[in-house]
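Visitor: From just these sequences and the hints, can you work out the full model?
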Amino acid sequence: MSKTDKKSPTSLGDLLSGYDWDKKKYISREWQDYAYRLAVALDDLKNKSLYMKLAKETPRAWLEEAKNFVKDAYEVKSKARLFMWKLKEIRKEKKNEKKK
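Start counting the sequence shown at 711; every next residue gets the next number (the working numbering).
These are calculated hints, taken from the structure and not from any lab test.
Even for Gly, the Cβ is constructed at its ideal location relative to N, Cα and C.
Some hints here could point you the wrong way.
[Claimed, not checked] For lysine-lysine, the following BS3-like pairs were computed, each having C-alpha atoms within a straight-line distance of at most 30 Å:
{"no.": "1", "residue 1": "Lys758", "residue 2": "Lys717"}
{"no.": "2", "residue 1": "Lys787", "residue 2": "Lys810"}
{"no.": "3", "residue 1": "Lys796", "residue 2": "Lys810"}
{"no.": "4", "residue 1": "Lys789", "residue 2": "Lys808"}
{"no.": "5", "residue 1": "Lys804", "residue 2": "Lys756"}
{"no.": "6", "residue 1": "Lys781", "residue 2": "Lys766"}
{"no.": "7", "residue 1": "Lys756", "residue 2": "Lys796"}
{"no.": "8", "residue 1": "Lys804", "residue 2": "Lys777"}
[As the list claims (entries may be wrong)] Distance ranges between label pairs, derived from CB positions:
{"no.": "9", "residue 1": "Val786", "residue 2": "Ser727", "range": "23 to 29 Å"}
{"no.": "10", "residue 1": "Glu775", "residue 2": "Asp724", "range": "22 to 28 Å"}
{"no.": "11", "residue 1": "Asp782", "residue 2": "Leu726", "range": "19 to 25 Å"}
{"no.": "12", "residue 1": "Ser721", "residue 2": "Lys789", "range": "23 to 29 Å"}
{"no.": "13", "residue 1": "Glu807", "residue 2": "Leu722", "range": "32 to 38 Å"}
{"no.": "14", "residue 1": "Trp772", "residue 2": "Ser721", "range": "28 to 34 Å"}
{"no.": "15", "residue 1": "Lys758", "residue 2": "Lys787", "range": "28 to 34 Å"}
{"no.": "16", "residue 1": "Ile737", "residue 2": "Lys810", "range": "23 to 29 Å"}
{"no.": "17", "residue 1": "Arg770", "residue 2": "Tyr736", "range": "17 to 23 Å"}
{"no.": "18", "residue 1": "Glu807", "residue 2": "Tyr736", "range": "32 to 38 Å"}
{"no.": "19", "residue 1": "Leu726", "residue 2": "Lys808", "range": "36 to 42 Å"}
Guide: Here it is as structure tokens:
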């Protein structure tokens with residue numbers, strides 16, 4: 711990747727304008743908001759409830775690591791599928807670290 715391929719920084723206003731604030735129904739906890747934003751980032755709003763469960767029960771660092779992996783991937787068919795695969799790999803890795 712050459713230096714000219716890098717994107718310029720996006721302003722905070724531009725980032726926030728992408729969200730439909732009225733569409734967030736019944737979100738009262740921080741983890742619910744995080745799960746919704748995760749579903750949007752993965753283009754998988756039909757499985758919001760799955761991300762709600764993950765956000766509530768899975769360590770945030772693991773979710774962030776998997777999300778960043780997907781974000782850095784090039785030409786992904788299914789971001790959600792890649793996210794779940796990476797999360798599974800992270801869980802295996804952490805489980806093996808515990809055994810040692």
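Visitor: For a quick check of understanding: which of the numbered hints are violated here, in increasing order?
Guide: Violated hints: 2, 15, 16; rest satisfied.
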